[in-house]
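J.: In case you want the letters, here they are:
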Amino acid sequence: MPKLKPELSQQLRSIVGDAYYREDREALVAHSYDGTPMLQSLPDGVIYPSSTAEVSAIMKVLHAHRVPLVSRGSGSNLCGGTVPVEGGIVMVMHRMNRILEIDEENLTATVQPGIITADYIAEIEARGLFYPPDPSSMKISTIGGNIAECSGGLRGLKYGTTKDYVIGLEAVLADGSVIRTGGKLMKDVAGYDLTKLLVGSEGTLAIITEATLKLIPPPKTKKTMLAMYRDLYGAARTVSRIIEARIIPATLEFMDNPTIRVVDDYAKLGLPRDMEAILLIEQDGDPESVERDIARIQGICEAERADRVEVAESREEAERLLTARRSAFTALARLRPTTILEDATVPRSRIADMVLRINEIARKYNVTIATFGHAGDGNLHPTATTDARDAEEIHRVEEAFAEIFEASIELGGTITGEHGVGLVKAPYLAWKVGEPGIEVMKGIKAAFDPHNLLNPGKIFAKQTKKRVVIQHG
Amino acid sequence: MAEINIRRKPNIQHANPLAQTLLNKLDYDQLTNCMRCGFCLPACPTFRETGIEPESPRGRIALMKAVADGLMDPDQAFQDQMNHCLGCRACEPACPADVKYGALIEQTRDAIEAHAEHRAPVAGLRKLMFRGVFPKRASLKLLGGSMALYQKSGLRKLARGSGIMKLLPEHLREMERILPDATSKGVVERLGSFYPAKGEPIAKVALFRGCIMDVMFAGTNVNTVKLLSEAGFDVVIPESQACCGALHAHSGELAEARSLAKNNIAAFREAGVSYIVSNAGGCGALLVEYDHLLQEERDERLREDARWFASRVIDVSSLIMERGRVPRFTEGSGEAGAIAITYQDSCHLRNVMKSSDAPRKLLRSVEGAAYTEMKEADRCCGSAGIYNVTQPEMAGQLLKHKMEHASATQARYMLTSNPGCLLQMKLGIQKHAPETHMEALHIVDYLHERLQPAST
Numbered sequence: 001m002p003k004l005k006p007e008l009s010q011q012l013r014s015i016v017g018d019a020y021y022r023e024d025r026e027a028l029v030a031h032s033y034d035g036t037p038m039l040q041s042l043p044d045g046v047i048y049p050s051s052t053a054e055v056s057a058i059m060k061v062l063h064a065h066r067v068p069l070v071s072r073g074s075g076s077n078l079c080g081g082t083v084p085v086e087g088g089i090v091m092v093m094h095r096m097n098r099i100l101e102i103d104e105e106n107l108t109a110t111v112q113p114g115i116i117t118a119d120y121i122a123e124i125e126a127r128g129l130f131y132p133p134d135p136s137s138m139k140i141s142t143i144g145g146n147i148a149e150c151s152g153g154l155r156g157l158k159y160g161t162t163k164d165y166v167i168g169l170e171a172v173l174a175d176g177s178v179i180r181t182g183g184k185l186m187k188d189v190a191g192y193d194l195t196k197l198l199v200g201s202e203g204t205l206a207i208i209t210e211a212t213l214k215l216i217p218p219p220k221t222k223k224t225m226l227a228m229y230r231d232l233y234g235a236a237r238t239v240s241r242i243i244e245a246r247i248i249p250a251t252l253e254f255m256d257n258p259t260i261r262v263v264d265d266y267a268k269l270g271l272p273r274d275m276e277a278i279l280l281i282e283q284d285g286d287p288e289s290v291e292r293d294i295a296r297i298q299g300i301c302e303a304e305r306a307d308r309v310e311v312a313e314s315r316e317e318a319e320r321l322l323t324a325r326r327s328a329f330t331a332l333a334r335l336r337p338t339t340i341l342e343d344a345t346v347p348r349s350r351i352a353d354m355v356l357r358i359n360e361i362a363r364k365y366n367v368t369i370a371t372f373g374h375a376g377d378g379n380l381h382p383t384a385t386t387d388a389r390d391a392e393e394i395h396r397v398e399e400a401f402a403e404i405f406e407a408s409i410e411l412g413g414t415i416t417g418e419h420g421v422g423l424v425k426a427p428y429l430a431w432k433v434g435e436p437g438i439e440v441m442k443g444i445k446a447a448f449d450p451h452n453l454l455n456p457g458k459i460f461a462k463q464t465k466k467r468v469v470i471q472h473g
Numbered sequence: 001m002a003e004i005n006i007r008r009k010p011n012i013q014h015a016n017p018l019a020q021t022l023l024n025k026l027d028y029d030q031l032t033n034c035m036r037c038g039f040c041l042p043a044c045p046t047f048r049e050t051g052i053e054p055e056s057p058r059g060r061i062a063l064m065k066a067v068a069d070g071l072m073d074p075d076q077a078f079q080d081q082m083n084h085c086l087g088c089r090a091c092e093p094a095c096p097a098d099v100k101y102g103a104l105i106e107q108t109r110d111a112i113e114a115h116a117e118h119r120a121p122v123a124g125l126r127k128l129m130f131r132g133v134f135p136k137r138a139s140l141k142l143l144g145g146s147m148a149l150y151q152k153s154g155l156r157k158l159a160r161g162s163g164i165m166k167l168l169p170e171h172l173r174e175m176e177r178i179l180p181d182a183t184s185k186g187v188v189e190r191l192g193s194f195y196p197a198k199g200e201p202i203a204k205v206a207l208f209r210g211c212i213m214d215v216m217f218a219g220t221n222v223n224t225v226k227l228l229s230e231a232g233f234d235v236v237i238p239e240s241q242a243c244c245g246a247l248h249a250h251s252g253e254l255a256e257a258r259s260l261a262k263n264n265i266a267a268f269r270e271a272g273v274s275y276i277v278s279n280a281g282g283c284g285a286l287l288v289e290y291d292h293l294l295q296e297e298r299d300e301r302l303r304e305d306a307r308w309f310a311s312r313v314i315d316v317s318s319l320i321m322e323r324g325r326v327p328r329f330t331e332g333s334g335e336a337g338a339i340a341i342t343y344q345d346s347c348h349l350r351n352v353m354k355s356s357d358a359p360r361k362l363l364r365s366v367e368g369a370a371y372t373e374m375k376e377a378d379r380c381c382g383s384a385g386i387y388n389v390t391q392p393e394m395a396g397q398l399l400k401h402k403m404e405h406a407s408a409t410q411a412r413y414m415l416t417s418n419p420g421c422l423l424q425m426k427l428g429i430q431k432h433a434p435e436t437h438m439e440a441l442h443i444v445d446y447l448h449e450r451l452q453p454a455s456t
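Protein chains in written order, with our numbering: chain A, 1 to 473; chain B, 1 to 456.
Just so you know, these hints were derived from the structure itself, not from any lab.
Using N, Cα and C, we set each Cβ at its ideal position, and we do this for glycine too.
A few of these clues could be false.
Claimed, not checked - Below, a list of computed lysine-lysine pairs in the DSS-like style, where the Cα atoms sit at most 30 Å apart:
id : chain 1 : residue 1 : chain 2 : residue 2
1  : A       : 442       : A       : 60
2  : A       : 139       : B       : 185
3  : B       : 136       : B       : 262
4  : A       : 445       : A       : 3
5  : A       : 442       : A       : 196
6  : A       : 139       : B       : 226
7  : B       : 157       : B       : 185
8  : B       : 226       : B       : 152
9  : A       : 60        : A       : 196
10 : A       : 5         : A       : 465
11 : A       : 139       : B       : 152
12 : A       : 139       : B       : 141
13 : A       : 268       : B       : 25
14 : A       : 60        : A       : 3
15 : A       : 222       : B       : 375
16 : B       : 157       : B       : 354
17 : B       : 136       : B       : 25
18 : B       : 400       : A       : 139
19 : A       : 465       : A       : 442
20 : A       : 60        : A       : 158
21 : B       : 141       : B       : 226
22 : B       : 375       : A       : 220
23 : B       : 400       : B       : 157
24 : B       : 185       : A       : 268
25 : B       : 25        : B       : 141
26 : A       : 268       : B       : 361
Unchecked claim - Take a look, some chain A residues computed to stay more than 12 Å from chain B by CB distance:
id : residue
27 : 4
28 : 35
29 : 138
30 : 176
31 : 191
32 : 192
33 : 387
34 : 403
35 : 411
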């Protein structure tokens, strides 16, 4: 039974045409989930706009009827950010998928939000330009989704994440009005920085309909190496020492022993299964400086008692090393039916402490958690392999993650480094930003969206989880 | 919020009979294994064409699970969506969790078919083709003979000239024009059931001759045997083998597919060979999965035989490239410069049999030919069994894109490894690139013609 008033459906249909507004069961089911395990909730309608004008008209109608809306791209996020928990309309941005302009004089690109990130990057690179953010989901995620969640990736350490490349936005507000922020400007201090505010706002403040992105020249060359450690602390100290030595690698990735074993079982790469940790390091730039940095990094690895250090001789060999890291998620996903991948993040000097804490917590709750991630920016992915059908085990996994977030904050870190708060992390947000922080954020939300129509139920939890009492001694 | 109930296979009795059958037949573990990460979306041709979530593997699995869980009825839209899947299996290599999507879509179609009320002519035709023709050697020969008669006697000319063809939908008329000459004389009738290796035999192998292959492409079967012999293999062709059952399995006739599988396993087990060679990706993909197809059989011996069979199935290109003495192939030196060639993957060969390097390596070895990789050669051409007949609109769209990429290679020869793809490529050239002189050939026929016998 449709929950929406017939005249509302009719108004939406007249904006986008019959083919692009659906209330049938198939459409509702297929937009009731995203990439987050164990969450599902049906919307009341699904709409596919083709222009900013249509998005604006849709919001005017929904605003008048006080019907909530979730805007989304490919729904590959891992925080429940696009599950329509309060029903309403799901707005799919896939039809707005064009590159509007590549401005080679200003080094900017202006795109619509529905473009697939990998397609956009391919187009940019074909012009000899570089857009560094590279979320692992880029083959399917959209630029709009990347902006909404402020996606990271393997190059975040040296080049920053999505927020560092968004310099202008067009967005539709909850009442249908259209705002533009920033522009093709490298400097702009006219008022509050609404651009940065909208990046990572998870669809709760406005619907992004156009983005201007900064481009940079691509690095001339790239070199890849792998360092293997019997001692976890050695690996972690290497991360801190590299940064201390004022070297910023393009990529500095970490895999712990459980991850190494699983990846080796799956990808048969001949990884050293007896190692406690592996670091995968890449540097890019001018050939001479890359050579110099790689040599210095190699020295640091050896000084920190790496068991073995391999520098790839060719691009193919580098690819083989990268495959190990890229296989981590795939290999872990095949172990058990449900894979819960989190993104606890700590200052990079605390990586080793954090990995040890994660292992302790996993043992305490008797759950399987493997850890890999972007060590260079302190962003770890503790990943639980479990089975959604085992309610008791899932409960232990949830308890374990609550304690992992607690540990992360204790070490000066945060509850999410790149996936966003969404639904899953909402109960923990106050742990990170405190009650006054939550109040300021709620005030901002009210200023943009007084009737709470945009992606309701996200970021702000109805109830905050109590802090876990850590047993010392 | 309607958080999903976490449970084993739901213990519910659906009011809708099809929903109940789906619940019974679907592998609930596989439905649960889909973690909805979305990695399959860019691999899926129907999602790429439409950008609509229900047209993706993730969407289709969500719909199957929703029906099994009682969240939605398997209405006509659901059934149409399941039939809209090409079954190309490109989603499987893309899936981090290794979800067996192919099995899920076959189970779904099997359930739909069990409740289908086909209109009388459709039901009759299905029964005739699936039970009367494909499985039976004699009927196939008769079909081949009658088609040959139709094509050669002037009847075809008459039919085309008379305007009677106009009664058929356009896409069927186009298909009729590209059909190759059929024959009632298959490979055994031409070569006998044993063909010895040239030189010292490396191994004894068996040819899986197929049903359509041996009627419409008997010459390809003959060339396959000769190539295998040239590469050092003794070839036997067990006469009691039947159709592989792929078309049955993909169309929801799983029981018939299983019965064909049992027949074939017995036929090849008796031959005692090291390899069972397929030259059609679509057939080979079901043959390598006979062990899965029969995994619920009670007879342990039968399951063991199915595993024996499945582990020996290999594509002709892989066998020659990886285990044989690769012959020398040369392009004739009639034209100036190297002849441009390209290759269209058979989805089932690539995604299920995992063979994509071997055919390319063989083609790159041809002297005087310049191999050019076509953009998106790994993407389905839209043929997909009988998909181009049942879903002409989507198939046509996919073919159009395919031919844009094909034309861009400026290839003289477009090589394929599956009869369905070959026909689709011929159709594509006729429709979208008639001015190009491009010719579509089965890789075996192309290589056989360019074979240089070893100088002794």
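J.: Should the label of residue 387 (chain A) as a non-interface residue stand, given a Cβ cut-off of 12 Å to chain B?
T.: With a cut-off of 12 Å, residue 387 (chain A) comes too close to chain B, as the shortest Cβ separation is near 8 Å.
J.: Is residue 465 (chain A) within 30 Å of residue 442 (chain A), Cα to Cα?
T.: Status holds; Cα separation ~18 Å.
J.: Hint check: residue 442 (chain A) vs residue 60 (chain A), CA-CA at most 30 Å. Holds or violated?
T.: At roughly 23 Å apart (the allowed maximum being 30 Å), residue 60 (chain A) and residue 442 (chain A) satisfy the hint.
J.: Starting from residue 141 (chain B), check that the Cα of residue 226 (chain B) is at most 30 Å away, please.
T.: 22 Å, holds
J.: Is residue 185 (chain B) close enough to residue 268 (chain A), meaning Cα to Cα at most 30 Å?
T.: Judged against 30 Å, a Cα distance of about 47 Å means the pair is violated.
J.: Checking the smallest CB distance to chain B, is residue 192 (chain A) really beyond 12 Å?
T.: Consistent with the label, residue 192 (chain A) stays out of reach of chain B, its closest Cβ about 33 Å off (over 12 Å).
J.: Please work out if residue 400 (chain B) and residue 157 (chain B) have their alpha carbons no farther apart than 30 Å.
T.: Measuring from Cα to Cα gives roughly 28 Å; hence the hint holds.
J.: Do the alpha carbons of residue 226 (chain B) and residue 152 (chain B) lie within 30 Å of each other, as the hint requires?
T.: 27 Å, holds
J.: For residue 191 (chain A), is the shortest CB-to-CB distance to chain B above 12 Å, so the non-interface label stands?
T.: Consistent with the label, residue 191 (chain A) stays out of reach of chain B, its closest Cβ about 37 Å off (over 12 Å).
J.: Against the 30 Å threshold, does the CA-CA distance of residue 442 (chain A) and residue 196 (chain A) hold or violate the hint?
T.: It holds: about 17 Å lies between the C-alpha atoms, which stays within 30 Å.
J.: Holds or violated: residue 60 (chain A) with residue 3 (chain A), Cα cutoff 30 Å?
T.: Given that 30 Å is the threshold and the Cα spacing comes to 19 Å, the pair holds.
J.: Hinted pair, alpha-carbon criterion (30 Å max): residue 222 (chain A), residue 375 (chain B). Please report holds or violated.
T.: 26 Å, holds
Of the hints listed earlier, those the structure fails to meet are numbers 2, 6, 10, 11, 12, 13, 16, 20, 24, 25, 28, 29, 33, in rising order.
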